[in-house]
Amino acid sequence: MLRRPAPFRLADLFASLLPKAITVTEQFNNLIAQFWPTTVDGVVKGAIYALIALGYTMVYGVLRLINFAHSEIFMTGSIGALVVVTTLVAPTAGPVTGLGLVGLLLLMAVVSMAASGGMAVLLEQIAYRPLRKHGSSRLAALISAIGASLFLMEFFALVVIPWLFDRGGQGRNQIAMARFLEREEVFTIFGASVSNNDLLILAAALLMMFLLDQLVNRTKIGRGIRATAMDPQTAVLMGVNIDRIVRITFLVGGAMAGIAGMLFLLKYENTRYNIGFILGIKAFTAAVLGGIGNIRGALVGGFVLGLVENYGGAFFGGQWLNVVAFVVLVLVLMFRPTGILGESIQQARA
Amino acid sequence: MNDSIKNGKNSVSSFFDGVRDRWANAPTWQRYTVYVLLFVFALSLPTLPLGPIMSPHVDWPSLLFFPIGVYVLLALGLNIVVGQAGLLDLGFVAFYAIGAYHLAYLGTTFDWNFWVIVPIAILMAAVSGVVLGAPTLRLRGDYLAIVTLGFGEIVRITAMNTEAIGGTNGIPGIPHPPNIEEGPVLFGVEIFKYGLLDSAPYYYLLVVLCALVIILARRWERSRVGRAWSAIREDEDAAEVMGVPTFKFKLLAFAIGAAIGGATGVFWAGKVVSIVPQDFPFILSATILAAVVLGGSGNIPGVMLGAFLVAWLPERFRGLAEWRFMAFGAVLVLMMIFRPEGILPSRQRKAELKEGTGGMGSMGAEVGGPDSGEPVEVAK
Numbered sequence: 001m002l003r004r005p006a007p008f009r010l011a012d013l014f015a016s017l018l019p020k021a022i023t024v025t026e027q028f029n030n031l032i033a034q035f036w037p038t039t040v041d042g043v044v045k046g047a048i049y050a051l052i053a054l055g056y057t058m059v060y061g062v063l064r065l066i067n068f069a070h071s072e073i074f075m076t077g078s079i080g081a082l083v084v085v086t087t088l089v090a091p092t093a094g095p096v097t098g099l100g101l102v103g104l105l106l107l108m109a110v111v112s113m114a115a116s117g118g119m120a121v122l123l124e125q126i127a128y129r130p131l132r133k134h135g136s137s138r139l140a141a142l143i144s145a146i147g148a149s150l151f152l153m154e155f156f157a158l159v160v161i162p163w164l165f166d167r168g169g170q171g172r173n174q175i176a177m178a179r180f181l182e183r184e185e186v187f188t189i190f191g192a193s194v195s196n197n198d199l200l201i202l203a204a205a206l207l208m209m210f211l212l213d214q215l216v217n218r219t220k221i222g223r224g225i226r227a228t229a230m231d232p233q234t235a236v237l238m239g240v241n242i243d244r245i246v247r248i249t250f251l252v253g254g255a256m257a258g259i260a261g262m263l264f265l266l267k268y269e270n271t272r273y274n275i276g277f278i279l280g281i282k283a284f285t286a287a288v289l290g291g292i293g294n295i296r297g298a299l300v301g302g303f304v305l306g307l308v309e310n311y312g313g314a315f316f317g318g319q320w321l322n323v324v325a326f327v328v329l330v331l332v333l334m335f336r337p338t339g340i341l342g343e344s345i346q347q348a349r350a
Numbered sequence: 351m352n353d354s355i356k357n358g359k360n361s362v363s364s365f366f367d368g369v370r371d372r373w374a375n376a377p378t379w380q381r382y383t384v385y386v387l388l389f390v391f392a393l394s395l396p397t398l399p400l401g402p403i404m405s406p407h408v409d410w411p412s413l414l415f416f417p418i419g420v421y422v423l424l425a426l427g428l429n430i431v432v433g434q435a436g437l438l439d440l441g442f443v444a445f446y447a448i449g450a451y452h453l454a455y456l457g458t459t460f461d462w463n464f465w466v467i468v469p470i471a472i473l474m475a476a477v478s479g480v481v482l483g484a485p486t487l488r489l490r491g492d493y494l495a496i497v498t499l500g501f502g503e504i505v506r507i508t509a510m511n512t513e514a515i516g517g518t519n520g521i522p523g524i525p526h527p528p529n530i531e532e533g534p535v536l537f538g539v540e541i542f543k544y545g546l547l548d549s550a551p552y553y554y555l556l557v558v559l560c561a562l563v564i565i566l567a568r569r570w571e572r573s574r575v576g577r578a579w580s581a582i583r584e585d586e587d588a589a590e591v592m593g594v595p596t597f598k599f600k601l602l603a604f605a606i607g608a609a610i611g612g613a614t615g616v617f618w619a620g621k622v623v624s625i626v627p628q629d630f631p632f633i634l635s636a637t638i639l640a641a642v643v644l645g646g647s648g649n650i651p652g653v654m655l656g657a658f659l660v661a662w663l664p665e666r667f668r669g670l671a672e673w674r675f676m677a678f679g680a681v682l683v684l685m686m687i688f689r690p691e692g693i694l695p696s697r698q699r700k701a702e703l704k705e706g707t708g709g710m711g712s713m714g715a716e717v718g719g720p721d722s723g724e725p726v727e728v729a730k
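Quick mapping for you: the protein sequence lines, in order, are chains A and B.
Its first residue numbered 1, the first sequence is counted upward by one per residue in our numbering.
Its first residue numbered 351, the second sequence is counted upward by one per residue in our numbering.
Warning: the hint list may mix true and false statements.
[Claimed, not checked] Quick list of simulated restraints, FRET-style, between CB atoms:
id	chain 1	residue 1	chain 2	residue 2	range
1	A	N30	B	P631	25 to 33 Å
2	A	I189	B	A671	46 to 54 Å
3	B	L489	A	G191	54 to 62 Å
4	B	A671	A	L88	35 to 43 Å
Everything labelled a hint here was simulated from the structure, so no lab data went into it.
We treat Cβ as the ideally placed atom computed from N, Cα and C, and that holds for glycine.
Sequences are here, hints too, so could you generate the full structure?
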């Protein structure tokens, strides 16, 4: 019954490693050849990761909760933007230009932000606030977050998507967006083409990041958010309305995820009920990478992750893209759990 | 908000408390008689004429094997990690996959006997638990949740991308446990005849494994290890200060949980003939977590009840099967709000949850939380 495996010989081992060595050089050449296109793609992807990571990092800063359902808030934003496109643009209409394009993009942005922000506030109200009110454990809060995430995903697959896009019983399929923005090469960096689409995504993301940074660092609301993140008890004594701050944090973080959803749709031109799952983990990785609770850290983390992941994908092959991101997460947590820019909560609460 | 939370008890809880008191005070022989009867009852389940009531859509013994038996075992394993040690593991399915893949690979490549592979696979699952746990268990609890989630995905994607273990097509032709011809017959079933279409013999294997796991889990719970786990769960810093080597015990919990997950994977793969990476999705980890939380994490009968419900309800009510994950999600949220201790809670766990912190400390930004003494009313 027992068949013995072939006896082990060192020569065989070397013989089997030799092709590996050749492939490694090939992989490396591949990475070099594709370096600049990979970089451009990585930066654009990184901008989207960074926008989602902002929501994780802000909520973590204020509540010390991993808002597991943030990925579904992102998904809501992409669905919202898609609804605008499918309602206003006929599938065969061809490219939209001029003022119409600007209006369409603005409307997409507003709708996706409203959908995501509203969903985030609702989520906080239903799934987190009751727990916060009777001082539940963080384990309970995290489980509630997972439950909310699962519920939203399935709710969209079973109810919302079939209803919005008139697809009875097919809510789990990918939904494609008609291309309304003709992609043109604007300029090239070292032979890598940068399209108007890429530029638009990057510009929108940077604008939102700038606005958020101003909001948090320059306004009274931002001061409230920072105070709550540092020390909620003292913040209350200083007259900060915690409930309001928490709600605003969810609203702003949700709106950022909404914009990210819209930009994702512009880049990949499709969405799905579970699109947020992998992207959410990656964005969380970006937040941890930059230092969770640290808003500028989330931005840095997003771009770094986008680039590292793309280089890793170019080296090991595209099917390992997600594994690269997860391995990055594990490595960061092993060697520098406070992230690149340092964890701001840790400093405040040390 | 809700009275049952404020008082920590209601009529259901007090009924179970009464039952539990009587149970704890019963003489040893009575308790052992009940254990033996329960074991025999579990063994008799496939042959009892329950099929038409319990499972009108599928063959009842095969339903007992999967999902019910498998879910119960996985939940018992996850209970040690989540319920006893208070570590949230969202990638538990990875260990199940590792067990199953070991049987599939070793069994098809080397033609090894099923029973030779079982200990190897369990050991490898435990080792993978240690490998995953060693870098991450020093971290805060909520990081662990994300890392384990990532690990679960890594295992699945790696299995999909590695041609040596079949890639997306998985591994077909996995060996069954060896038959014993003319073996003993129990309830009219040849218990050691592992054919393709028999379910009951495989189910008996799961029952025996289950009994073994329960005995071990009980022993651990009552030992120094179990006390260390609950100390870690309640307040890790305090436990560390009191001289509990928290990292070591967390790693142990992780390894034991992984070993149980791996064992379940082996016995499951021993029946199903072929496995594919899609058999191990994240949603399975979430389902098992839902089972543990629903039943009452930390309490073995509760966890088994939770796993049974989570496995059986969607199969019994097939028309609603599509809605089950949505229902699980809603149930998780509602349970955390109204009854975080689960249907059949462990008494100790309930007390901890009433106190407010269960392992990871309380949520931030709460201002009437457990460590602020008198609740401060903020902006009604």
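For each hint, the structure was consulted:
1. A:N30 to B:P631: 25 to 33 Å: At 31 Å between Cβs, range holds.
2. A:I189 to B:A671: 46 to 54 Å: 52 Å, holds
3. B:L489 to A:G191: 54 to 62 Å: 42 Å, violated
4. B:A671 to A:L88: 35 to 43 Å: The hinted range 35 to 43 Å holds for A671 of chain B and L88 of chain A, with Cβ atoms some 37 Å apart.
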